[in-house]
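K.L.:
Spelled out, the chains give:
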Amino acid sequence: MSASLVDISSVSHRFGQHPVLKDVSLKIEPGSYTILLGPSGSGKTTLLSILGGFVTPSEGKVFIRGEDCTAVPPAKRPTTTVFQDYALFPHMSVGANVGFGLRMQGVDAATRAARAREALALVGLATAFDKKPHQLSGGQRQRVALARALVIEPAVLLLDEPLGALDLKLRRQMQDELKAIQKRVGTAFIHVTHDQEEAMALADHCVVMNDGRIEDEGPPERVYARPATRFSATFMGESTILSGTVTEAKNETVTVATPPGAISLPGTSPVGAKIALAIRPEHLVLGATGGTIALGTATVSDVVFQGSFKRVLAASTQDPALQFIVKAPAAATVQPGDTIAVSCNAGDIILLTD
Amino acid sequence: MRQIVRIASWIYAVTVYGFIFLPVIVLVLFSLQATSFPIPPFTGPSLRWYDAVLSDTRLTSALVNSLIVAILSSAAAVTLGFLSAWGFARFTLPSSALLRGLITLPLTVSYLIIGMGLLVLFNWAGLPKSLLAAGIGHVVINLPLCFAIIYSQMGDHQINIERAARDLGAPEWKVLLLITVPVMAPAIFASFFLSMTFSWDEFVISFLLTRFDTTLPVEIWNLLRSGLNPKTNAVGSLVFAVSIVLVVLFELTLLRRKPA
Chain H
1 MSASLVDISS VSHRFGQHPV LKDVSLKIEP GSYTILLGPS GSGKTTLLSI LGGFVTPSEG
61 KVFIRGEDCT AVPPAKRPTT TVFQDYALFP HMSVGANVGF GLRMQGVDAA TRAARAREAL
121 ALVGLATAFD KKPHQLSGGQ RQRVALARAL VIEPAVLLLD EPLGALDLKL RRQMQDELKA
181 IQKRVGTAFI HVTHDQEEAM ALADHCVVMN DGRIEDEGPP ERVYARPATR FSATFMGEST
241 ILSGTVTEAK NETVTVATPP GAISLPGTSP VGAKIALAIR PEHLVLGATG GTIALGTATV
301 SDVVFQGSFK RVLAASTQDP ALQFIVKAPA AATVQPGDTI AVSCNAGDII LLTD
Chain Y
355 MRQIVRIASW IYAVTVYGFI FLPVIVLVLF SLQATSFPIP PFTGPSLRWY DAVLSDTRLT
415 SALVNSLIVA ILSSAAAVTL GFLSAWGFAR FTLPSSALLR GLITLPLTVS YLIIGMGLLV
475 LFNWAGLPKS LLAAGIGHVV INLPLCFAII YSQMGDHQIN IERAARDLGA PEWKVLLLIT
535 VPVMAPAIFA SFFLSMTFSW DEFVISFLLT RFDTTLPVEI WNLLRSGLNP KTNAVGSLVF
595 AVSIVLVVLF ELTLLRRKPA
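Chains as they are written, first to last, in the numbering used here: chain H, 1 to 354; chain Y, 355 to 614.
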């Protein structure tokens with residue numbers, strides 16, 4: 001058996017005739033913070049339910065600590081879940097909620113209370129022990145749910161869109177706390193979200209999912225800088241996508257025919273292959289004195305001032321269907337209607353097989 | 355013109371409420387009659403007929419019988435109704451809609467038909483006429499009601515609460531006892547009080563299925579056969595008072611919502 005904490009091996013799942021997971025394999029390392037990122041319907045929540053034991057996959061196996069847990073019920077597997085709606089027990093005090101898992105293990109009342117207080121202190125809610133869940137705010141309930149799941153020291157903590165119900169400011173604050181708590185307890189967290197900012201801020205290991213498959217996985221820096229697929233280039237941050245055909249390939253360099261013209265860049269791909277080139281907004285340069293690769297001219301359709309930068313949308317003169325998304329300096333003097341040269345550097349272009 | 359409409363609507367309201375409540379008011383009023391006939395003029399108030407009711411051992415033992423039958427049959431109906439509601443709400447059953455329809459069907463069948471059916475069945479099975487037989491009859495009529503009330507309150511938001519308990523290591527029976535029952539407590543108590551009300555007032559089934567020991571409505575009917583007197587009014591008023599208490603308890607438990 002491998003040393004991975006969790007090993008998901010060729011898992012597929014169908015709801016009726018509808019396939020929601022298609023041959024997914026994934027390894028989770030001890031102490032890591034993994035984010036499953038994807039749009040709704042991508043299968044990320046189903047994968048989390050399979051890990052938690054609420055769904056038994058149609059095919060494939062799940063190993064946790066080297067043991068086959070595929071059909072083990074939730075009560076008997078070393079995972080706990082923080083539900084999106086928190087699922088606190090409304091008739092119990094906060095202390096009884098947090099102590100529930102220990103009570104089920106037969107821990108005596110005094111030890112239970114002491115450990116529940118410790119767990120509540122860990123999430124910054126030491127004073128809430130005797131309150132009822134309905135007396136707490138959304139953010140506080142979130143913390144109680146976290147404490148309740150952590151107190152029984154699971155091997156893996158599963159979080160189902162834990163910040164989805166919170167407002168933006170609270171979400172960013174809870175996000176920092178989640179990361180801090182994870183580092184403190186050292187438990188492996190697996191966290192489902194559709195928010196790519198959340199993913200980049202929290203993940204040690206980012207798994208991008210789409211249509212029941214894993215599109216890309218790795219450290220978020222790598223997934224952002226060098227996305228493996230067209231989907232992850234557009235879902236994990238924005239990209240301008242140039243579609244093209246390879247016309248020449250030699251010496252680790254390919255030449256691609258694209259609407260704005262031929263582009264040569266390092267890479268390998270057979271001649272005649274249909275490929276896509278992705279360029280991040282911050283790598284596109286507007287104006288005559290730009291990068292080494294000219295991408296023709298474009299007509300600016302929209303400029304949005306965002307404080308530290310301006311987000312510029314511009315349609316290519318050579319191919320109006322091609323939309324450039326550019327992150328221009330805040331001081332840039334561009335206005336809708338301007339026609340302007342667009343360029344970039346060869347090293348910043350991401351080659352994607354289409 | 356508006357004045358006339360106002361007066362007409364007042365007259366209408368008084369007539370409707372009078373029509374509904376006048377019989378009860380007359381019943382209660384003449385239970386306080388001091389003389390031997392519950393007819394005008396009113397000669398009270400006096401509690402002599404209440405005294406007569408409470409010193410009549412046949413009536414008091416029937417009252418105790420009625421309470422026992424109401425409590426035990428309601429407890430059985432609520433337990434069975436809760437378990438079936440939970441089953442229908444939490445599991446995918448084959449032809450679930452049809453089975454749900456079947457379980458609530460007795461609500462539409464006349465008590466007389468149910469009573470006769472049970473009489474034939476118990477005869478055949480060798481179960482003699484008794485309070486037990488009447489109690490079983492009350493479970494039959496109240497189970498669909500308890501099921502309908504509890505099922506309607508068993509929302510999807512409780513599914514995750516039950517899942518959370520399972521996730522934290524609770525076996526299924528502890529999930530039910532420690533989570534589902536307390537969370538559903540308002541609906542459970544409400545259906546308990548409502549089925550107690552129905553059992554307490556029920557006559558036809560008790561009449562058909564009991565013989566020597568019997569329930570209060572049957573005993574009142576026996577009393578009425580010997581003619582009207584303020585004693586029947588007094589015992590009727592007592593029955594009415596208990597029903598009111600049960601209905602108020604039902605309303606309070608079902609309608610009082612805790613902030614979630």
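Keep in mind that the hints were calculated from the coordinates and are not lab data. Be careful, since some hints might not be right.
[Unchecked claim] Simulated crosslink set (DSSO-like; lysine-lysine; CA at most 30 Å straight-line):
1) H:Lys131 x Y:Lys528
2) H:Lys310 x H:Lys250
3) Y:Lys528 x H:Lys132
4) H:Lys61 x H:Lys132
5) H:Lys274 x H:Lys327
6) Y:Lys483 x H:Lys76
7) H:Lys76 x H:Lys183
8) H:Lys132 x H:Lys183
9) H:Lys274 x H:Lys22
Note that this is a predicted model, so its numbers are computed, not measured.
K.L.:
Each hint: holds or not?
P.N.:
Verification of the supplied hints:
no.: 1; hint: H:Lys131 x Y:Lys528; verdict: holds, 23 Å
no.: 2; hint: H:Lys310 x H:Lys250; verdict: violated, 38 Å
no.: 3; hint: Y:Lys528 x H:Lys132; verdict: holds, 21 Å
no.: 4; hint: H:Lys61 x H:Lys132; verdict: violated, 40 Å
no.: 5; hint: H:Lys274 x H:Lys327; verdict: holds, 27 Å
no.: 6; hint: Y:Lys483 x H:Lys76; verdict: violated, 50 Å
no.: 7; hint: H:Lys76 x H:Lys183; verdict: holds, 26 Å
no.: 8; hint: H:Lys132 x H:Lys183; verdict: holds, 29 Å
no.: 9; hint: H:Lys274 x H:Lys22; verdict: holds, 25 Å
This entry does not satisfy hints 2, 4, 6, going by the numbered hints stated previously.
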